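Undergrad: So the chains spell out like this:
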Amino acid sequence: MSIQIRSIWNAFRQSPHAPKWLTWAAINVSIAAYFGFGLVAPASISKTAWLPGETTHGHYQIEMDCNACHDPGRSADGPSGSDVMQDACIRCHGEQLDLAKDTHPAKKFRDPTNAERLAVLDAQNCLSCHQEHVPEQTLTMGLTMPADYCWHCHQEVADSRPSHRDMAYDSCATAGCHNYHDNRALYEKYLDDHHGQPDHLKLASLPLRSTAASLSGVFRPDRPLGIDEADHPPAETVDQRVLDDWATTAHALAGVNCTHCHGGNNDSQWSETVAMESCQRCHAGQVASFQTGKHGMRLAVGLPAMTPDQARLPMHAGRAHAKLDCNACHPGHRFDTQFAAAEACLRCHADDHSLAYRDSSHATLWQDELSGSGAVGSGVSCATCHLPRIEGETGIWVNHDQNASLRPNETMARQVCTHCHGLEYSLSALADPRSITSCFGDAPTERIKSVQMARAWFEQRRAKRETLLQTP
Amino acid sequence: MMKLNRNQQLAAAALTVCALLPLAALPGCTSSEASSTPSGGITPQQFADGVHAVMMADRTVYATHVVTNLKKQDAPVKAFEYWEDTENSIPLPAQMFRMGAELVDENPEAGFTYALRSKWPLNEQHQAKTELEQTALDYLSDNPGENFYGEEELGDQKYFVAVYPDRAVAEACWSCHNEHPNRGDDYPEFGKDDVMGGVLVRVPI
Numbered sequence: 001m002s003i004q005i006r007s008i009w010n011a012f013r014q015s016p017h018a019p020k021w022l023t024w025a026a027i028n029v030s031i032a033a034y035f036g037f038g039l040v041a042p043a044s045i046s047k048t049a050w051l052p053g054e055t056t057h058g059h060y061q062i063e064m065d066c067n068a069c070h071d072p073g074r075s076a077d078g079p080s081g082s083d084v085m086q087d088a089c090i091r092c093h094g095e096q097l098d099l100a101k102d103t104h105p106a107k108k109f110r111d112p113t114n115a116e117r118l119a120v121l122d123a124q125n126c127l128s129c130h131q132e133h134v135p136e137q138t139l140t141m142g143l144t145m146p147a148d149y150c151w152h153c154h155q156e157v158a159d160s161r162p163s164h165r166d167m168a169y170d171s172c173a174t175a176g177c178h179n180y181h182d183n184r185a186l187y188e189k190y191l192d193d194h195h196g197q198p199d200h201l202k203l204a205s206l207p208l209r210s211t212a213a214s215l216s217g218v219f220r221p222d223r224p225l226g227i228d229e230a231d232h233p234p235a236e237t238v239d240q241r242v243l244d245d246w247a248t249t250a251h252a253l254a255g256v257n258c259t260h261c262h263g264g265n266n267d268s269q270w271s272e273t274v275a276m277e278s279c280q281r282c283h284a285g286q287v288a289s290f291q292t293g294k295h296g297m298r299l300a301v302g303l304p305a306m307t308p309d310q311a312r313l314p315m316h317a318g319r320a321h322a323k324l325d326c327n328a329c330h331p332g333h334r335f336d337t338q339f340a341a342a343e344a345c346l347r348c349h350a351d352d353h354s355l356a357y358r359d360s361s362h363a364t365l366w367q368d369e370l371s372g373s374g375a376v377g378s379g380v381s382c383a384t385c386h387l388p389r390i391e392g393e394t395g396i397w398v399n400h401d402q403n404a405s406l407r408p409n410e411t412m413a414r415q416v417c418t419h420c421h422g423l424e425y426s427l428s429a430l431a432d433p434r435s436i437t438s439c440f441g442d443a444p445t446e447r448i449k450s451v452q453m454a455r456a457w458f459e460q461r462r463a464k465r466e467t468l469l470q471t472p
Numbered sequence: 001m002m003k004l005n006r007n008q009q010l011a012a013a014a015l016t017v018c019a020l021l022p023l024a025a026l027p028g029c030t031s032s033e034a035s036s037t038p039s040g041g042i043t044p045q046q047f048a049d050g051v052h053a054v055m056m057a058d059r060t061v062y063a064t065h066v067v068t069n070l071k072k073q074d075a076p077v078k079a080f081e082y083w084e085d086t087e088n089s090i091p092l093p094a095q096m097f098r099m100g101a102e103l104v105d106e107n108p109e110a111g112f113t114y115a116l117r118s119k120w121p122l123n124e125q126h127q128a129k130t131e132l133e134q135t136a137l138d139y140l141s142d143n144p145g146e147n148f149y150g151e152e153e154l155g156d157q158k159y160f161v162a163v164y165p166d167r168a169v170a171e172a173c174w175s176c177h178n179e180h181p182n183r184g185d186d187y188p189e190f191g192k193d194d195v196m197g198g199v200l201v202r203v204p205i
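Residue numbers (this note's numbering), protein chains in the order written: chain A, 1 to 472; chain B, 1 to 205.
For the record, the hints were derived by calculation from the structure and aren't laboratory data. Here the structure is a predicted model, which means the values were calculated and not measured. Every residue, glycine too, gets a C-beta built ideally from N, C-alpha and C. Treat the hints with care, since some could be wrong.
To be verified - Here are the simulated lysine-lysine pairs, DSBU-like style, with alpha carbons at most 30 Å apart: (1) K189/A / K158/B; (2) K189/A / K464/A; (3) K323/A / K72/B; (4) K158/B / K464/A; (5) K72/B / K129/B; (6) K101/A / K192/B; (7) K464/A / K72/B; (8) K20/A / K101/A; (9) K107/A / K129/B; (10) K192/B / K158/B; (11) K129/B / K71/B; (12) K129/B / K464/A; (13) K107/A / K158/B; (14) K72/B / K107/A; (15) K192/B / K78/B; (16) K78/B / K189/A; (17) K108/A / K323/A; (18) K71/B / K189/A; (19) K108/A / K119/B; (20) K107/A / K192/B.
What the hints assert, rightly or not - Selected chain A positions facing chain B (in silico; Cβ < 8 Å): (21) W21; (22) A25; (23) K47; (24) R110; (25) H194; (26) L469; (27) Q470.
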């Protein structure tokens, strides 16, 4: 055997084409190694070669971690080729759908009489409507099926809602009237309750944050600390400016000392940097929600922090490599929430909507609040709309998932806009691309009809009930 | 005898015991003719009878001791269709019933589903959805006091279907239904003990 191999090798060496064959073999081995390494490598750019197609805007941040969606080992039911991705969807989006009072949850279709409908459109599988890596068929909100999908189940809607007669089935969810999942701001009673509101409400103000009440963990605000009480280890040199900044913050006011965040006490080593997990000890809700948005979702799956150079929206070049962690928006030792609310965003974001903000009436109100000429809660910063103040079990807290109110954007109408605007105006503005681009500097050109339609429907019902009551 | 899975057997056994006590003691907004359920052998019919007895007992308690009681006291809290976004509101009896059914739907191991159905549904979700369901509702109308039992196949799965009459036994029930703006032109004027619809229990076999 070895003699045969040696003779083949000798013949190969004497061949005039040997160098070409060697080159060919080396190239092939290199290609195989490149793709092979991509298969087994940890989440990194090495996996780019295995992407089957462009990932949607909601998932591309974590596309290098194939296992975030494809790892069967993460399924509680064990490996299963058919439901692995469904499990991955629910892991990240299940709670959001619960909060949104999902109007089409999978359980709604467990009634066996839906069997025929499910055969046409499997509404129990997220992937029926939201496939990945198929950019050529992906619409807004990651929808990958024709926009007239409502027709399959609601083709007789005009029988019970005559006002819907002759409406196009691809307009149900694209005209500010309905969503498949989140209809909290769009269902008939909410619309009717907010009928007749002026565009600008007289009492326009945001709810105030319950900062202390929304803290998590065992820490609770203690007595205020003075600059002389900073407990950093004596061996650590701390810049006076850092101490001055800290002393002006709510942290010092609440008794949060250096070692609470940097360690260096009996339990831990001193660290110059502060990990997100340290913030999470007291701000669990904020950190958890940060990790479900585009800013923090890479951290949630163990990837390095998102940086603006990876964004698909236009960003300022100077901030290309800024790491998006807690400190990105709450920098230094001031943790200035007013800075975080607008200037921090505008340092990076350079799309038309963001660039238009400074000239908007919202920005004017924000400046008035900052200068003290406007009441607290009357200003509108970026955070006002994109990091909404949510009523939770322990009071008002700030949702740090800046995408939560955009899935879809009508969510923002109920959570944010209606603090200051009428519902019809809010929905109309959110459905108007021109208005969005100008950061709502331009009033909506068309009015959403759903509020009027809901009022007419309830009036018909009231009239019919009156008639029934008067009938002997 | 058709075999039931372990969950179904446990549910039937436990629910049957629980069901008989309240049914014996409490009058309700609706009544049914759930057959007496022996605690021994478990057929799909007995299983359906058992779970139906429990759901009707719960519904009866809610309708009479919560909703009607609030109304009698002229309390500020009222049963209202849009209770989720309205202060001082609680779900209507039919909504409470449907929410229970949805919770069961969330559990793939529950082994059965249930729902309200009517020939005159105020909520279009409650209209008959299969031929067998339509047959069952006609049967309940034509045969007062009897239950309907049958089998049907949906999506390559065979089901045992039991439908029990859903009766109006309290004035609040039929008055609210009779005055409801969603009623169609053919809606009957319901009165005491009329069959307003059916409670459907579906068990895979």
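Undergrad: Among the hints numbered above, which are violated by the structure, and what are their numbers in rising order?
TA: 1, 3, 4, 5, 6, 8, 10, 11, 14, 17, 20, 21, 22, 23, 25, 27
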